[in-house]
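*Asks:* Each chain is listed here by its residues.
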Amino acid sequence: MRMVEVKQVSKSFGARNNLVRALNNISFTIDRGEFVGVMGPSGAGKTTLLNIMSTIDHPSVGRVYLAGQEITALPERDLATFRRENIGFIFQDFNLLPALSVSENLIMVLSMLKIPREEVQKRLAYYSEHLNLKQLLNRYPNELSIGQKQRVAAARALMTQPKILFADEPTGSLDSKSATELLQYLATINLENETTIMMVTHDAFTASYCNRIVFIKDGAFYSEVVRSGSRQQFFNQIIDMQAAIGGGKISDFRNRD
Amino acid sequence: MILETAIKNFRRHLAGRVLYLVALALLVMVSYDCLTTYQDSFINQISQGNPALVALLLLFFSLLGFGVLIIFYANRFFIHQHRPELGLMIISGLSRSQIALIFFLETLFGELLALGFGLILGLLTNKLFAMLLLRLMGLHAATNHWFSLAALWKTGLGFLIVFILVGIFDSSRIFSLRTVRLLYPNDLEGIRQRNSWFNRLLAWLGPLLIIAGYVAIFKLSWIHFMETLRFSDRATLNTGLIMITLILGIWFCFRNTIPALFAWLQGTNWAYRQQRILDFATTGQEVQFHHQSLTLTTLFVTASVVLLGFASVLYSDGFRNLEEEAPIDLVADHQYHDQVLQQIKARGGQLKRLAHLPVKIMPVAFHGPKSEVIMSQATMPIEIVGMHNYLQIQRHQKNLLPVILDRNQALFISADFQYQHVRLHELMKNQVQFADAKLPRLQIVAFSRVYPFGSNLFFGNVLVVPDNIFEQIPDTNSRVLVGYRLMKIAPDSNFLQKIDDNSYKSKASRQMRYTYPKQLQKAKITIYQDVKRDLTNAYISSNYSVRGPAQVLLQRVLGAIVFVIGLLAILMTFAWASVCSLRELSEVERTRFDYLTLTKMGIEQHYLLRYSNWKNRLLFLSPVIFGIGNGLLVMRFVGLYLNHLPLKLLYLLTAVVFVIYWCFYLFTAYNYRRIIKMNRPPEQQAR
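The listed protein sequences derive, respectively, from chains B and X. In this text, residue positions in the first sequence follow the numbering used here: the first is 1, and each later residue adds one. In this text, residue positions in the second sequence follow the numbering used here: the first is 258, and each later residue adds one.
A hint or two may mislead.
Unchecked claim - Cross-link-like lysine-lysine pairs, in silico, DSBU-like; alpha carbons within 35 Å at most: (1) X:Lys411 to X:Lys617; (2) X:Lys384 to X:Lys745; (3) X:Lys745 to X:Lys775; (4) X:Lys411 to B:Lys114; (5) B:Lys217 to X:Lys857; (6) X:Lys764 to X:Lys655; (7) X:Lys779 to X:Lys602; (8) B:Lys177 to B:Lys122; (9) X:Lys755 to X:Lys775; (10) X:Lys265 to B:Lys177; (11) B:Lys163 to X:Lys265; (12) B:Lys122 to X:Lys265; (13) X:Lys655 to B:Lys134; (14) X:Lys686 to X:Lys764; (15) B:Lys163 to B:Lys217; (16) X:Lys617 to X:Lys384; (17) X:Lys779 to X:Lys755; (18) X:Lys745 to X:Lys609; (19) X:Lys686 to X:Lys617; (20) X:Lys617 to B:Lys177; (21) X:Lys781 to X:Lys627; (22) X:Lys775 to X:Lys617; (23) B:Lys134 to X:Lys934; (24) X:Lys857 to B:Lys177; (25) B:Lys163 to B:Lys7; (26) B:Lys134 to X:Lys411; (27) X:Lys602 to X:Lys627.
No wet-lab data here; the hints were simulated from the structure.
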């Protein structure tokens with residue numbers, strides 16, 4: 001089943017005399033249950049692409065379908081419902097609501113969905129158990145470490161049991177131990193719940209947890225690499241592709257695994 | 258959950274918004290006080306339904322309007338402060354209406370707190386408010402009225418409507434926010450000035466417009482707009498032109514000139530040798546980012562200083578004029594003496610004779626610098642009083658200038674001299690030559706604008722001379738004025754109003770025809786009355802005057818207007834300073850990451866704090882100083898025009914405005930530093 005379809009999307013910024021084309025007629029698809037990474041050099045348009053696919057931004061030209069729904073044509077009031085029911089998002093810099101405790105951050109959206117209290121508590125217990133947040137539920141974001149904040153952000157994104165999870169450099173601010181734990185968890189929910197995940201990263205080690213990598217350069221589709229063997233082999237393939245685009249070293253993998 | 262989130266957000270931001278809420282509470286307090294006093298039957302009764310009390314109603318509506326502006330602007334900074342949170346809520350799936358509701362509730366809690374607190378303060382201060390107003394209106398009465406249910410609910414309802422109105426504006430703003438801008442803010446990049454020819458033109462245009470505005474203040478005729486307030490009038494058009502020129506000039510200065518100047522400074526080598534100048538220069542983009550609020554601050558400070566200026570003019574000068582026009586209860590010439598006295602006694606009034614003043618009249622010529630300007634022609638008629646009688650009156654009229662004259666010396670009294678733009682030392686070099694050649698020339702040694710018994714009783718200028726000279730002056734056309742103290746009749750009674758009105762009627766007026774003014778010896782004075790007023794004749798005076806309802810009314814109107822204008826200016830200062838504070842504190846979240854990065858790069862904290870102090874000082878105080886400069890310049894011009902403007906009182910009130918802004922700056926700078934330190938990530942906290 002096709003979960004994401006990006007059709008000839010272009011995005012331009014700026015005025016007429018200093019126009020910047022961040023995305024240039026890009027098209028690809030993602031099937032249900034895939035764990036797809038988006039890679040490319042700085043300024044390639046990775047975050048812009050993620051923003052458009054996750055309803056944060058609008059394309060200048062083109063269409064995007066999520067779960068069979070054309071999101072680029074949805075009015076704002078329908079988008080809110082669509083986001084609640086279908087999308088989860090993990091940011092690089094956590095973006096927790098500072099006035100709310102960890103548990104309140106986790107259940108806020110569910111309370112808007114009017115899901116029964118028992119179900120909310122059940123999910124809270126499940127995700128806090130799996131992401132090791134049980135001791136942190138009554139704390140506030142400013143009382144958490146960086147790794148703890150990112151785990152809370154991941155739990156919050158998963159609480160609505162989204163059909164597709166978008167992650168923008170989710171390990172960018174984490175130490176290697178916290179990053180590995182988070183990636184392993186994302187891989188687990190991808191396998192167990194068939195949650196479709198699309199992750200933007202510039203790090204080959206992080207990307208090696210995916211099963212397909214879409215490479216973009218200068219806003220256009222460049223190539224893609226599909227995992228067929230071990231993670232080590234997949235990592236090498238990614239490094240080779242990064243080298244072809246420009247950047248990346250084999251020592252990254254050796255140092256971190 | 259919406260309510261819970263709003264409550265938690267409100268509690269989280271309460272400390273940073275305390276002064277803003279206090280400012281809002283003060284607006285509510287004064288609004289309640291205005292309505293209560295306006296509706297107070299006792300005050301209405303003792304002030305005889307004075308129309309000046311309507312000024313309180315105007316102040317109430319002005320405060321509601323100002324409240325809309327203040328809350329609207331403050332909420333704009335709150336939305337700015339909340340941007341990442343709003344973006345997160347949108348992407349989490351909350352609808353815009355739910356987010357708008359959370360924001361509305363969060364701000365409403367603060368506003369309701371301010372409303373409640375303001376109403377309590379209003380109940381507590383209402384008596385003080387009423388007493389101050391009564392004192393300024395010249396009413397000596399005590400009032401214990403402090404509670405008015407009607408005023409309570411009207412004030413509450415008025416401000417609730419304001420809160421809802423601003424809430425609707427905020428909601429429409431939240432609906433128009435772009436998610437990507439909330440999650441990936443790039444404010445300064447977005448407004449970075451391009452070095453286009455148009456921006457360079459605007460950068461030059463800003464100061465040029467301000468200079469043009471200043472030149473126009475001094476060169477164009479505009480001050481009469483206060484009298485006409487007609488669009489077709491030249492002065493009103495000139496006033497509008499000056500205001501638009503200054504507003505545009507200030508706006509372009511903050512938007513283009515200062516950022517361009519600072520960008521140029523950053524590019525110079527010597528700025529890098531002077532660390533403080535470099536710190537200063539790097540704030541250019543911040544100035545451009547906040548150019549709207551900086552322009553508004555300048556305009557509000559200018560408006561506050563001008564309002565306080567007019568309040569101080571009215572207070573010092575208006576009341577003085579009133580006292581000079583009718584300083585003694587009743588003064589009558591011998592022609593009307595018996596008639597007026599009988600009328601008053603018949604109404605049960607009692608009279609106490611204070612002093613009498615024989616007045617003679619003669620053509621004179623001034624000799625000395627600018628003598629023709631002083632006389633407005635080659636010679637002039639002058640009324641003359643003796644020093645002994647003048648000093649007798651001074652015992653009862655304390656504002657008369659105390660002088661002791663030697664032989665050949667004279668005191669010149671004129672209400673017109675101050676408008677002639679002749680310096681006092683030039684007047685003092687003049688001598689007075691009388692039409693009677695036997696009389697010696699007298700040297701002017703003193704000047705006063707205060708007439709004995711009041712200016713209405715004289716044709717124009719008066720000379721106080723030594724008694725031996727006075728006796729030598731012929732009695733032709735002379736008269737005697739007698740002053741009385743009135744008792745047992747209310748000063749604002751209808752009966753006195755009638756006497757006052759009659760004294761201005763044509764037949765009661767004394768008129769003078771002055772001929773052959775170019776040759777002193779041939780000059781001729783003819784006094785006549787009991788005829789219809791000759792409108793071409795400039796020389797008219799009253800035969801009697803009574804300090805009655807007209808003065809009382811004017812005094813009360815002046816008092817109410819001074820009170821309302823002064824209060825509005827101070828409240829405007831306090832409330833806008835709180836909004837400036839919010840603007841700075843709403844930025845701290847955005848800048849603290851820069852501070853952390855710079856700290857990680859090894860830059861010492863005190864250098865970073867010094868930069869933040871520079872930035873806060875520039876953004877907070879530069880529009881205040883600019884606005885004070887503008888306001889003082891405008892009032893200085895008004896002062897030159899009026900020639901007797903009490904600028905000392907204005908300087909004192911201006912200092913109060915600056916001190917208020919300075920206190921808010923200290924509060925803001927302290928909190929700014931506190932938040933930067935408080936938000937450090939755990940690994941950077943002091944161990």
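*Asks:* With reference to the structure, classify each hint as holding or not holding.
*Replies:* Evaluation of the provided hints:
no., hint, verdict
1, X:Lys411 to X:Lys617, "violated (61 Å)"
2, X:Lys384 to X:Lys745, "holds (29 Å)"
3, X:Lys745 to X:Lys775, "violated (51 Å)"
4, X:Lys411 to B:Lys114, "violated (39 Å)"
5, B:Lys217 to X:Lys857, "holds (32 Å)"
6, X:Lys764 to X:Lys655, "holds (32 Å)"
7, X:Lys779 to X:Lys602, "violated (46 Å)"
8, B:Lys177 to B:Lys122, "holds (28 Å)"
9, X:Lys755 to X:Lys775, "violated (41 Å)"
10, X:Lys265 to B:Lys177, "holds (33 Å)"
11, B:Lys163 to X:Lys265, "holds (31 Å)"
12, B:Lys122 to X:Lys265, "holds (25 Å)"
13, X:Lys655 to B:Lys134, "violated (85 Å)"
14, X:Lys686 to X:Lys764, "violated (40 Å)"
15, B:Lys163 to B:Lys217, "holds (28 Å)"
16, X:Lys617 to X:Lys384, "violated (52 Å)"
17, X:Lys779 to X:Lys755, "violated (41 Å)"
18, X:Lys745 to X:Lys609, "holds (11 Å)"
19, X:Lys686 to X:Lys617, "holds (24 Å)"
20, X:Lys617 to B:Lys177, "violated (108 Å)"
21, X:Lys781 to X:Lys627, "holds (24 Å)"
22, X:Lys775 to X:Lys617, "holds (21 Å)"
23, B:Lys134 to X:Lys934, "holds (29 Å)"
24, X:Lys857 to B:Lys177, "holds (22 Å)"
25, B:Lys163 to B:Lys7, "holds (20 Å)"
26, B:Lys134 to X:Lys411, "violated (52 Å)"
27, X:Lys602 to X:Lys627, "violated (49 Å)"
The structure does not agree with the numbered hints 1, 3, 4, 7, 9, 13, 14, 16, 17, 20, 26, 27 stated previously, though it agrees with the rest.
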